[in-house]
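Protein sequence lines correspond, in order, to chains A and B.
When you line the first sequence up against my numbering, it's residues 122 to 348, in that order.
When you line the second sequence up against my numbering, it's residues 122 to 348, in that order.
Read the hints as simulated data drawn from the structure, not as lab findings.
If several chains are the same, the list does not tell them apart, and a pair holds so long as it fits within one copy or across any two.
List time: in silico DSS-like cross-link candidates among lysine-lysine, alpha-carbon distance up to 30 Å:
no.	residue 1	residue 2
1	215	158
2	229	342
3	342	152
4	215	340
5	133	340
6	158	170
7	291	229
Just so we're clear, the structure is a prediction, and the values are computed from it rather than from any experiment.
Number of protein chains: 2
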Amino acid sequence: MAKMSFENHIMKQFDEELEEIRTRLMEMGGKVEQQLKNAIRAVSEADSKLAEEVILEEQRVDDMEVDIDEACILIIARRQPAASDLRLVMMVTKAVNDLERIGDEAKKIANHAVILTEQSGSSNGYPEIRHIGNSVIRMLENALDAFARFDADAALRTIEEDEQIDLDYKTALRELVTYMMEDPRSISRAINLLWVIRSLERIGDHAKNLCEQIVFVVKGKDIRHQR
Amino acid sequence: MAKMSFENHIMKQFDEELEEIRTRLMEMGGKVEQQLKNAIRAVSEADSKLAEEVILEEQRVDDMEVDIDEACILIIARRQPAASDLRLVMMVTKAVNDLERIGDEAKKIANHAVILTEQSGSSNGYPEIRHIGNSVIRMLENALDAFARFDADAALRTIEEDEQIDLDYKTALRELVTYMMEDPRSISRAINLLWVIRSLERIGDHAKNLCEQIVFVVKGKDIRHQR
Numbered sequence: 122m123a124k125m126s127f128e129n130h131i132m133k134q135f136d137e138e139l140e141e142i143r144t145r146l147m148e149m150g151g152k153v154e155q156q157l158k159n160a161i162r163a164v165s166e167a168d169s170k171l172a173e174e175v176i177l178e179e180q181r182v183d184d185m186e187v188d189i190d191e192a193c194i195l196i197i198a199r200r201q202p203a204a205s206d207l208r209l210v211m212m213v214t215k216a217v218n219d220l221e222r223i224g225d226e227a228k229k230i231a232n233h234a235v236i237l238t239e240q241s242g243s244s245n246g247y248p249e250i251r252h253i254g255n256s257v258i259r260m261l262e263n264a265l266d267a268f269a270r271f272d273a274d275a276a277l278r279t280i281e282e283d284e285q286i287d288l289d290y291k292t293a294l295r296e297l298v299t300y301m302m303e304d305p306r307s308i309s310r311a312i313n314l315l316w317v318i319r320s321l322e323r324i325g326d327h328a329k330n331l332c333e334q335i336v337f338v339v340k341g342k343d344i345r346h347q348r
Numbered sequence: 122m123a124k125m126s127f128e129n130h131i132m133k134q135f136d137e138e139l140e141e142i143r144t145r146l147m148e149m150g151g152k153v154e155q156q157l158k159n160a161i162r163a164v165s166e167a168d169s170k171l172a173e174e175v176i177l178e179e180q181r182v183d184d185m186e187v188d189i190d191e192a193c194i195l196i197i198a199r200r201q202p203a204a205s206d207l208r209l210v211m212m213v214t215k216a217v218n219d220l221e222r223i224g225d226e227a228k229k230i231a232n233h234a235v236i237l238t239e240q241s242g243s244s245n246g247y248p249e250i251r252h253i254g255n256s257v258i259r260m261l262e263n264a265l266d267a268f269a270r271f272d273a274d275a276a277l278r279t280i281e282e283d284e285q286i287d288l289d290y291k292t293a294l295r296e297l298v299t300y301m302m303e304d305p306r307s308i309s310r311a312i313n314l315l316w317v318i319r320s321l322e323r324i325g326d327h328a329k330n331l332c333e334q335i336v337f338v339v340k341g342k343d344i345r346h347q348r
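Input sequences plus hints: build the corresponding full structure.
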């Protein structure tokens, strides 16, 4: 075994710590993605049991946010990272917040799945929710993938996906309002669907934030709010 | 004038830098509070001109977020703060995000004010929006005040205000749905009001986040997601 200098040893520990928060962020991303998929399935398949599971599991996502955030502060305090290492740690403290909010929206969707199932017992599968839901799942997957590979170009391409989601969101809203006007008895149910679609649109925004943070880590450039 | 050691000099610069990001955060808070007040007034007084102003001014809030965030990263890189100083800087990078999102919700409210004014020309003053709006303004003021004084107890008291806002939000939603069912011609208008109320409820959540961050700086304790 090669002899390792004290400094190299410290550096190696530091690299391992950075690698660990990256891994934990990816784990949290995977968990949140699963929550989102389950929430959408709970709505479209009118599966209250699955919805309850999503609601219960949100707590784990919350805990992950607090734990990873604490690890980030410890790394900054102990290792005093600079340049891209510091950007990575700062990115992770922001990213866990966006992931937690995605988890929160997934829980809200699951709450509406429970109400929708109570209201009608079965569903027509809600094609518009499955459609937007699939786009949002794909966008989140692409964002997490871009983070895993530190791929700024992939992150920039993923940001563009949000436009189509916003368009689909607006179309779905208009359809819901028309539907409510034509059949006022459907209002209560339609309002629940409206919140689900709104949550999906918000998740797209959070996935976009994740991508902007990836560009920040890789390129050192803050591209938020560019007009 | 007393002679100042090199170390004291560095410490003084550091203190000044910390004080500066605090001041800038307070300025941003003041700006966001003004945006919120104007947005609510634009709805209740059917004032499209004021609404347009809020929409235009959002850009300044966005710029403040990016600038303060950059200043925080520079302080960490140059000064390597520890303990409560580090917590303060980390808190500020999170707080600017919540303030920016409050600004974003204020802009959304202003957008709905424009549509509502087009739809009807005048308004009944929307007492429910003024009521929840006033509670949310007060909560944000209290949060900023707790931050200015680093007062964890005031922050904890302010967090409790969010419960009443959530209750008022739910009541207002139920009333809107009843209203829509009774008069389906009002649906389009009611949906706009529904988004305004939702934005107000979200702003309450962000003010709560600010308070949790204040407790974190002062007490070193992460109280998010406590059940």
